[in-house]
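Place chain B on chain A using the hints.
From first to last, the protein sequence lines stand for chains A and B.
Residue numbering for the first sequence is 1 to 113, as defined by our numbering.
Residue numbering for the second sequence is 1 to 116, as defined by our numbering.
Honestly, I wouldn't trust all of these hints.
Listed below are the simulated DSBU-like cross-link pairs for lysine-lysine, each with C-alpha atoms no more than 35 Å apart in a straight line [to be verified]:
no., chain 1, residue 1, chain 2, residue 2
1, A, K110, B, K41
2, B, K38, A, K110
3, A, K69, A, K49
4, A, K100, B, K18
5, B, K41, A, K58
6, B, K40, A, K100
7, B, K9, B, K19
8, B, K40, A, K49
9, B, K9, A, K61
10, A, K100, B, K22
11, B, K22, A, K61
12, A, K61, B, K41
13, A, K110, B, K9
14, A, K100, B, K53
15, A, K58, B, K40
16, B, K41, A, K71
17, B, K53, A, K49
18, B, K9, A, K58
19, A, K69, B, K38
20, B, K38, A, K61
With beta-carbon atoms standing in for the labels, derived distance ranges [to be verified]:
no., chain 1, residue 1, chain 2, residue 2, range
21, B, M15, A, E64, 45 to 51 Å
22, A, K71, B, N70, 42 to 48 Å
23, A, G22, B, S62, 34 to 40 Å
24, A, P55, B, S20, 32 to 38 Å
25, A, K110, B, L54, 35 to 41 Å
26, A, T86, B, K41, 33 to 39 Å
27, B, K22, A, Q2, 41 to 47 Å
Note that these hints are calculated values from the structure, not bench results.
For every residue, glycine included, the Cβ atom is placed at its ideal position computed from N, Cα and C.
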Amino acid sequence: AQSVSQHNHHVILSEAASLELGCNYSYGGTVNLFWYVQYPGQHLQLLLKYFSGDPLVKGIKGFEAEFIKSKFSFNLRKPSVQWSDTAEYFCAVNTGGGNKLTFGTGTQLKVEL
Amino acid sequence: DTEVTQTPKHLVMGMTNKKSLKCEQHMGHRAMYWYKQKAKKPPELMFVYSYEKLSINESVPSRFSPECPNSSLLNLHLHALQPEDSALYLCASSQVPGQTFPYEQYFGPGTRLTVT
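In isolation and in its complexed conformation, chain A is listed as follows:
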């Protein structure tokens, strides 16, 4: 079974700092990758997704992620964070189509003014 690791459980940044959140998965076959965000008191929302093609994908709110197959990674980046980016971020993996998403343990990001 596939697993997803997010090694940064809590991240604290100042506004305008750059962000990179790690995501690694364990599965040797075809993967479909997602980053979801959960703002305080709100529902999970999709930030971006990768199925195939250009390994650098851009999402909403200035976020991007890079799929590096050789490293089994799909790290999330943002050049300059804002206070409103304070949220929990989940990486998720789907293998070979179908319905099943496996979520990572999440990273709690706090952006300070």
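What follows is chain B alone, placed relative to chain A:
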């Protein structure tokens, strides 16, 4: 409209009670999901319905009983729950996935369940 609604927002129930959680979407999605999310943990898949038929049951105890009465509605019937079942229960919907790729899942705000 990309909204998935869930009722109630909060539910407190005793271990002998019977209650139901409700989920509704009007995006024309034919796949619907129940997830369980404990505090500080990721969502864990419980059930998936495709075309109103149960397609995945992640070995969930029988005290949780899902139902999909039509393409817009998804229910989760609860009976004889345990305190450790207290969690946020999330509903999601999507188009029915293809054989090689999934579709984005749209999540509801969840029902916060407390079992006393």
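Hints and how they fare:
Between K110 (chain A) and K41 (chain B) the CA atoms are separated by roughly 17 Å; this keeps the pair inside 35 Å, and the hint holds. For a cut-off of 35 Å, the pair hint linking K38 (chain B) to K110 (chain A) stands: about 20 Å separates their Cα positions. A hinted pair counts as satisfied when its Cα atoms are at most 35 Å apart, and K69 (chain A) with K49 (chain A) qualifies at roughly 15 Å. Under the criterion of a C-alpha separation no larger than 35 Å, the hint pairing K100 (chain A) with K18 (chain B) is consistent with the structure, at around 28 Å.
Restraint check for K41 (chain B) and K58 (chain A): the C-alpha separation of about 26 Å stays at or below 35 Å, so the hint holds. Simply put, K40 (chain B) and K100 (chain A) have alpha-carbon atoms about 21 Å apart, close enough for the 35 Å limit, and the pair holds. Note on K9 (chain B) and K19 (chain B): the hinted pairing holds, with a Cα-Cα distance of about 13 Å set against a maximum of 35 Å. For a cut-off of 35 Å, the pair hint linking K40 (chain B) to K49 (chain A) stands: about 23 Å separates their Cα positions.
For the suggested pair K9 (chain B) and K61 (chain A), the alpha carbons sit about 28 Å apart, so the restraint of at most 35 Å is met. Of the supplied pair hints, the one linking K100 (chain A) and K22 (chain B) holds, its CA atoms being roughly 21 Å apart against a limit of 35 Å. Pair hint K22 (chain B) plus K61 (chain A) holds up; C-alpha atoms about 31 Å apart against a cutoff of 35 Å. Restraint check for K61 (chain A) and K41 (chain B): satisfied, since their Cα atoms lie roughly 24 Å apart, inside the 35 Å limit.
With a CA separation close to 26 Å, the supplied pair K110 (chain A) and K9 (chain B) stays within the 35 Å bound. Using a Cα cut-off of 35 Å, the hinted pair K100 (chain A) and K53 (chain B) holds, with the two alpha carbons roughly 16 Å apart. Simply put, K58 (chain A) and K40 (chain B) have alpha-carbon atoms about 27 Å apart, close enough for the 35 Å limit, and the pair holds. A threshold of 35 Å between alpha carbons decides the hint, and for K41 (chain B) with K71 (chain A) the separation of about 25 Å falls inside it, so the pair holds.
Between K53 (chain B) and K49 (chain A) the alpha-carbon distance is near 27 Å, which keeps this suggested pair within the 35 Å criterion. Note on K9 (chain B) and K58 (chain A): the hinted pairing holds, with a Cα-Cα distance of about 33 Å set against a maximum of 35 Å. For the proposed pair K69 (chain A) and K38 (chain B), the alpha carbon gap of about 31 Å is at most 35 Å, so the pair holds. The hinted pair formed by K38 (chain B) and K61 (chain A) meets the criterion: a straight-line CA distance of about 27 Å does not exceed 35 Å.
At roughly 47 Å, the beta-carbon separation of M15 (chain B) and E64 (chain A) lies within the given 45 to 51 Å, and the hint holds. Checking the proposed 42 to 48 Å range against K71 (chain A) and N70 (chain B) shows it holds: the Cβ atoms sit about 45 Å from each other. At about 38 Å, the CB distance of G22 (chain A) to S62 (chain B) agrees with the hint of 34 to 40 Å. Taking 32 to 38 Å as the suggested C-beta distance range, the pair P55 (chain A) and S20 (chain B) does not conform, at roughly 44 Å.
Between K110 (chain A) and L54 (chain B) the Cβ separation comes to about 40 Å, which falls inside the hinted range of 35 to 41 Å. Checking the proposed 33 to 39 Å range against T86 (chain A) and K41 (chain B) shows it is violated: the Cβ atoms sit about 19 Å from each other. K22 (chain B) and Q2 (chain A) have their C-beta atoms about 31 Å apart, which leaves the hinted 41 to 47 Å range violated.
Going through the hint list in order, the structure does not satisfy hints 24, 26 and 27.
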